[in-house]
Amino acid sequence: MNDFNQFVAVSDFATWPEKIQHNNDALRLFHGRGQCFAGFEYFSVDYFAPVLWIVVYRQPEHPFWLEFCAALARYFRDKCSAAIVQSRYRESPATYCLWGDIPKNFSVKEGAVEFLVDLNAKQNIGYFMDMQPTRLWLAERAENARILNLFSYTCAFSVAAELAGARRLVNVDMSKGALQVGRENHRRNGGRLNDRGEDADLKFLSHDILKSWGRLRKLGPYDIVICDPPSSQKGSFDAVKDYPKLARRFRELLPEGGDVLVCLNAPYLGEAFLQEVLESHCPDAEFIERLAGRDDFPEQNPDRALKVLHYRLKPLA
76 MNDFNQFVAV SDFATWPEKI QHNNDALRLF HGRGQCFAGF EYFSVDYFAP VLWIVVYRQP
136 EHPFWLEFCA ALARYFRDKC SAAIVQSRYR ESPATYCLWG DIPKNFSVKE GAVEFLVDLN
196 AKQNIGYFMD MQPTRLWLAE RAENARILNL FSYTCAFSVA AELAGARRLV NVDMSKGALQ
256 VGRENHRRNG GRLNDRGEDA DLKFLSHDIL KSWGRLRKLG PYDIVICDPP SSQKGSFDAV
316 KDYPKLARRF RELLPEGGDV LVCLNAPYLG EAFLQEVLES HCPDAEFIER LAGRDDFPEQ
376 NPDRALKVLH YRLKPLA
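Every letter in the sequence shown is one number past the one before it in my numbering, and letter 153, counting from 1, is 228.
Just so you know, the hints here were simulated from the structure itself, not pulled from any lab data. All values derive from a computational prediction rather than experimental measurement. Some hints here could point you the wrong way.
[Claimed, not checked] Mimicking DSBU-like on lysine-lysine, the simulated pairs with C-alpha atoms at most 35 angstroms apart in a straight line are: (1) 278 - 293; (2) 286 - 251; (3) 278 - 309.
Based on the sequences and whatever the hints tell you, model everything.
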């Protein structure tokens with residue numbers, strides 16, 4: 076059995092109040108999912124100013140959880156307006172407050188950018204903090220670029236690229252609701268959308284990527300393609316079966332010298348899986364690098380962690 080004193084020792088819990096002081100950016104305080112803290116792999120703790128956000132993936136041990144929640148209240152109740160727990164180990168995920176209330180119309184900060192989140196969502200809240208380094212990578216290359224954002228979800232990549240001066244942005248996702256949040260993310264960050272949510276060079280397309288490529292080709296070519304699909308989502312995408320279908324299309328969408336980011340967050344598929352897919356189904360793509368993750372997301376095994384690989388299209392022979 077793991078006790079709270081052991082958790083304090085491995086998690087640097089005593090430093091958490093100092094970390095959040097004067098910090099408005101989203102921050103991961105504890106990344107148990109990285110398998111670096113034996114016995115505490117089943118939960119994570121984030122700070123979204125001024126809220127603590129705790130996600131639990133299995134039933135916590137009762138004595139530990141009582142001490143942990145009491146310590147959170149003792150050290151953070153005067154610093155955080157709410158502490159919210161999302162339990163994902165139940166058949167239907169549940170969300171409850173240790174104190175405070177779940178805020179509405181809430182956004183998280185990432186430098187000068189803000190993204191809407193729904194802290195009452197059944198699972199994903201609309202924002203993936205671990206993709207911050209990838210958004211920074213994109214912002215450094217986005218000026219005057221034409222960018223295709225596949226599986227765009229709430230369009231965080233697109234927002235980062237627009238603020239960095241991208242020329243054209245095409246977001247594609249099957250979820251109309253996610254794309255609507257994406258439009259609002261653009262508006263909140265001073266985007267180019269008019270009052271009707273329209274712009275000739277900022278598109279939000281809701282269709283099945285695997286079945287419709289004609290319009291994407293027509294809107295191209297693109298300088299950068301970002302491909303960040305779910306690992307396995309019934310009726311939408313299965314990485315093992317469907318990633319090769321995507322890879323075969325990259326040459327149609329990118330000119331020589333075009334960049335593609337292939338992303339995967341499946342712990343059961345390592346970096347070699349993506350490399351084999353690209354080697355077999357897009358042999359013109361040259362591997363450049365794997366992008367580094369955030370320091371506050373430590374991982375024992377990189378193959379289980381988020382994988383973001385950068386490829387570049389070689390000249391045609």
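Verification of the supplied hints:
1. 278 - 293: Within the cut-off at roughly 13 angstroms; holds.
2. 286 - 251: 17 angstroms, holds
3. 278 - 309: Since the Cα atoms of residue 278 and residue 309 sit roughly 26 angstroms apart, the hinted pair holds (cutoff 35 angstroms).
Of the hints listed earlier, there is not a single one the structure fails to meet.
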